[in-house]
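**Student:** Residue numbers (numbering that gives the first Met the number 0), protein chains in the order written: chain W, 0 to 334; chain V, 0 to 334; chain B, 0 to 354; chain X, 0 to 354.
Think of the hints as simulated: they come from the structure by calculation, not from any bench.
Ideal Cβ positions, reconstructed from N, Cα and C, are used throughout, including at glycine.
Treat the hints with caution; some may be incorrect.
[What the hints assert, rightly or not] Incomplete in silico selection of chain V near chain W, CB under 8 Å: (1) Asn-148; (2) Val-151; (3) Val-161; (4) Pro-180; (5) Ala-184.
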Amino acid sequence: MELDRESILKLFKTMATIRHFEERGIPETGQRGMSASVHSSAGQEAVATGVCANLTNEDYIGSTHRGHGHCIAKGVDPKLMMAELFGRATGPNKGKGGSMHISDMSKGMLGTNGVVGASIPLAVGAALTSKVKKLGRVAVAFFGDGASNQGVLHESMNLASVWKLPVIFCCENNGYAMSTPSEYALSTAHVADRAQGYDMPGITVDGMDVFAVYDAAAQAVARARAGDGPSLIECQTYRFYGHTVFDNPLTYRSKEEEDHWRARDPLKLFREAVLPQGDITAAELDQIEADAEALMEEAVKFADESPLPEPVELYDDVYVNYPRELLKRGVNMAV
Amino acid sequence: MELDRESILKLFKTMATIRHFEERGIPETGQRGMSASVHSSAGQEAVATGVCANLTNEDYIGSTHRGHGHCIAKGVDPKLMMAELFGRATGPNKGKGGSMHISDMSKGMLGTNGVVGASIPLAVGAALTSKVKKLGRVAVAFFGDGASNQGVLHESMNLASVWKLPVIFCCENNGYAMSTPSEYALSTAHVADRAQGYDMPGITVDGMDVFAVYDAAAQAVARARAGDGPSLIECQTYRFYGHTVFDNPLTYRSKEEEDHWRARDPLKLFREAVLPQGDITAAELDQIEADAEALMEEAVKFADESPLPEPVELYDDVYVNYPRELLKRGVNMAV
Amino acid sequence: MTITNQTAGQLAGMHATGTREIQVREAINECLRQEMELDENVIIMGEEIAGGAGRQDQGVEDAWGGPFRTTVGLIQQFGKERVLDTPLSEAAFIGAAIGASSTGLRAVAELMFVDFIGVCMDQLVNNAAKMRYMFGGQVKVPFTMMTRIGAGFGAAAQHSESYYSIFSHFPGLKGVVPSDAYTAKGLLAAAIRDDDPVVYFEHKGLYGSVGPVPEEPYVLPLGKARTVREGTDITLVGISKMTWVCTAAAEELAKEGISCEVIDLLSVSPIDYDHINESVLKTHRLVVVDEDTPICSMASEICSRVAEEVFDYLDAPPSRVTAPHTPVPYSRAMENEYMPNESRVKTTVRNLMNR
Amino acid sequence: MTITNQTAGQLAGMHATGTREIQVREAINECLRQEMELDENVIIMGEEIAGGAGRQDQGVEDAWGGPFRTTVGLIQQFGKERVLDTPLSEAAFIGAAIGASSTGLRAVAELMFVDFIGVCMDQLVNNAAKMRYMFGGQVKVPFTMMTRIGAGFGAAAQHSESYYSIFSHFPGLKGVVPSDAYTAKGLLAAAIRDDDPVVYFEHKGLYGSVGPVPEEPYVLPLGKARTVREGTDITLVGISKMTWVCTAAAEELAKEGISCEVIDLLSVSPIDYDHINESVLKTHRLVVVDEDTPICSMASEICSRVAEEVFDYLDAPPSRVTAPHTPVPYSRAMENEYMPNESRVKTTVRNLMNR
Ligand SMILES: Cc1ncc(C[n+]2csc(CCOP(=O)(O)OP(=O)(O)O)c2C)c(N)n1
Ligand SMILES: Cc1ncc(C[n+]2csc(CCOP(=O)(O)OP(=O)(O)O)c2C)c(N)n1
Ligand SMILES: [Mg+2]
Ligand SMILES: [Mg+2]
């Protein structure tokens, strides 16, 4: 790791922004009655942050249902994201997508995705674009431990390997798929062990340590950019809250386990790693956190003040050019 | 391997029956205009034979589009199979299935299958039945090298491992999926290497050597019956003919390669392994082959003399009890 | 006539004794418990079916017991061999349930939301639906797939669909769409006991709906619709939750002097064409209210059959109130207009009456 | 009037110059070649797309060039980066083609037979069809999926289906069903150049069919049907190969004095309702001839729309000639009766004329 001071502070800023987005945005979304399918990535900030710090604006990522962190780390504006969660017309998806579909093509963000595993081949396809058009871009497919057991991952890893595509498969192993522990559902101790069956490097890293994630991703990205093909990175991490706001995680995991992981909070680990070196001060980090908090205040305000979409907009963007009339032909709509 | 003389002869008989079924049955089917989707397993006889020799009538197998050998090895009557290929009412599937769907539930034969990989979870399910009902049965899922890249295999191996099911995953790696070489499409040198990612034993064996296959399967079956869970066996084999009768394999593979494998014909290897031991004579084996040939004569005759299904039978067996009228309601059928 | 859950139950032939008011969620749970008690070949599997409760030995106290708590308590009663949490691998476990059902078990598998059918549809379409046919009748596949439909929760385009029509399209499958606690229990029992593969569609918006349900096990017939409100001017066919949109509209239209007959479809395969035709013979008008999108839909199917089979009796075009041909939007501002509602039904009925 | 391929071409507005008689198979191949020449962003992938020819360096001489030789020669001309053989992994490569199409390429992917859609449908339905919508219009997905339909070859229940209706059901997808060499080329070009995902359905029974095709590239409009035979008594709508079953029946019915108008649907999404309605306004009768099974089908959809939209002009029930609600049987003895044929169409038409 040869990160400069500014880059190091940026890592913290990204993590703090994600944390505050989740801590503030999710309850606020709930209060506005839109929390049906919103998943907090609090606890997992180091993964999105460490990986995306290796990417440029032109690189691509495919994300999951738990994707706010990926969005923020890839540069999507949290204010716009908040508007999207609130169902406002100013969201990047104009209120059509919500938490599980936030996307920003201008940032190479190919969407959070509500179907587990479904975004993986999209990232592979983006990597194919890069290869065919010789763009030098890489793509990252984020997915969970639960997603590791979806067939499409297996197919995608094989395909990416056969075609030597510049793609990084990044598993966020947070120990659970809903209430199902990865120890139960995964027939291998480490998802990374499966990499070998696809002739690609596989590594398991501490997903609470943003520097460890950064380093692993740096290697994989370098390999991809060099045209040497895909890699698999498994990040061991933890979600601090339930699967959504509707479940109580203590019905399926222990307080001790939660405490253990809370003690390894990535923001805390960051402070513990960085402050002793003397280069960066606690006050600086506190300020970054305060700024992140303030940004969320702004974001909530922006979202609340943004207009809702017009009901008739529901007919737009199904196809590129298409008359609204045909989409409602004969179904007796009111708008 | 501690096989007795009778069992050894039985292995040869099964292989010879498969070979002659393919050599005779496929052209005959073609002459009757029904060859659209018939796949010869000639060359691969040792796999079906060696594996199924470890199974009882109660055990289950799930098979592929190239499944005549599996059927015969599992005890399905070749005469009935021929009738099925000819589209006759006397086929085990009453002419409704044809080559790609031959099944015989009385023999635990859960069907050849036209969708690559699709029968794999069926075998897993049969193994589940055995486990839940404590029947002591095992199930074998046959699949090709092409099928190795289907997502459902990955999911099924993981599931079987998690549930410790008595199932054997048997890959017949014949080097090609249609014209696509496994070297191109598979990102691993040996399919068996992937076993490790599912916490199960994986072994690659010479699929032209029926004794090698038998031994590997014996171990896997013993493990399954003991309740220790699934195994993966990769058999390296070769199909002597094209994918179907419509392709010329020399457009995608070399004569030298074909010659190499022809020299390793499983029936020939059998003779070379067994005859020097003196216990079994060439004449005996010749007789077995002659009997198999004669059986096919009979089978063709039986099939030709069998009635075709009545057209109206097309309405039967969609559901368990269902009036034909409802299935053709309002669609203006002639029968 | 106002339709209460009570009268809906009566119309469907409610049992007299041992009947309590319970939620749809509870009715489903009770049915599963009873069917598992009655037949040891019944097993159930899916993601979160046991949930945390599968690990009581590890000190886990309570459990999800299904993402919507429909399977709560089953693992305690029937154990891990019959109540199986699965990895997130629908193609494998739904395929395995089909394989198990064709070899002696009666497996129930849950697909968490019908929106995800695309990851496992091959198993349903090419195995479950066709095995018996391709095998020439050698096998029965008494498999039940439970899944969820329905919009209205701000869950956007991948968690809100009502894809029953595509299942109805495939020969070999059956499908049911219960609309209240009574039908939820009776049709689930029917699905499980039936020897063919049946898809059971639960509407997310009905779980909390309370209605009278007999304690003892009972079976409602597959392939039968029911009339939940009688009328003479127009026939409204509702599917799942849309039945109650129809009855609510009917009630208000009654005040305007329009008498609507409301049919609760209950089964999307087989479809009870006769029941619908009979009503149209009386009313001469039809509106199908379907939460799904319109093209090649259940609404198309019913309208086309009525148009063909009772053509001479129709006084107005067979019509539909459905979602438009668009995915489900996230923002409530749009989603509220997307779903069929009372007001759209009323307007449509009025227009048809005034032609 | 006898319909030849020539007149069919003329009816569709045939180009005057540079026209030769070629097979559907060749028309497809020519179109792919031209579109790849015109736009370097067009790539094509699938199982056996190159086939053996992908390994010429290994001394392999000839090639499959697609299981039905529709992609022959492409790899020689465009190389391995644009003509990609894939592993047997439809979910991954179709998903990748969608991902590629949303990031600057115009990817064409082949699903060998439509029967296999269940292994990869999620990518089509939840990504290709919905991305633009869910993303609020931020992305275009100019993706083409080529696939095959059609029974009649003794290929049984998993290799003979004609599942276009389920694709039509999903908002966000488009779909075309060419019926001859001319439409095969023009609609494929349209599909590839269109900025939305389009499914292109090739009928296995049409590959060898010869017809006039202009040499230069041309584009037929998506969403438009064409009239291939004019008539006054009844409208027959044919889909893909069924169009020619309709014209053959029409020719014979003409001898009996029944004048059939035959419409070639060409597009299953969007559906050209106006074109059909206009014909029915003239003929007052409709039969849809659809090779697919009947429930929630293209036939249901068209019959229901006509019943609704031109209700007052109908003199007979809108009817269908389709496959029955069963899987495709293997034995020719049954398969021959399974598919719609001339004689069934004629009987149906006669019955409707004599009501
Ligand atoms: C194909 C599919 N099956 C099931 C679901 C329901 N579901 C949503 S999230 C989830 C668990 C995902 O677990 P994991 O991949 O570990 O991600 P995490 O939630 O832990 O971030 C499930 C089962 C889904 N969205 N898609
Ligand atoms: C899901 C699916 N995709 C494609 C096909 C078309 N297809 C039939 S057999 C075959 C090749 C299978 O290769 P392999 O698994 O190695 O079996 P083999 O033919 O060599 O026995 C293909 C691509 C299919 N039947 N099913
Ligand atoms: Mg997880
Ligand atoms: Mg092979």
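**Student:** Hint by hint, say whether it matches the structure.
**Tutor:** Checked hints:
1. Asn-148: Check passed: Cβ of V/Asn-148 comes within 5 Å of chain W, closer than 8 Å.
2. Val-151: holds (5 Å)
3. Val-161: Status holds, d = 5 Å.
4. Pro-180: With a minimum Cβ separation of about 11 Å from chain W (threshold 8 Å), the hint on V/Pro-180 is violated.
5. Ala-184: At about 6 Å, which falls below the 8 Å cut-off, the nearest Cβ of chain W leaves the hint on V/Ala-184 intact, so it holds.
The earlier numbered hint that this structure contradicts is number 4, and it is the only one.
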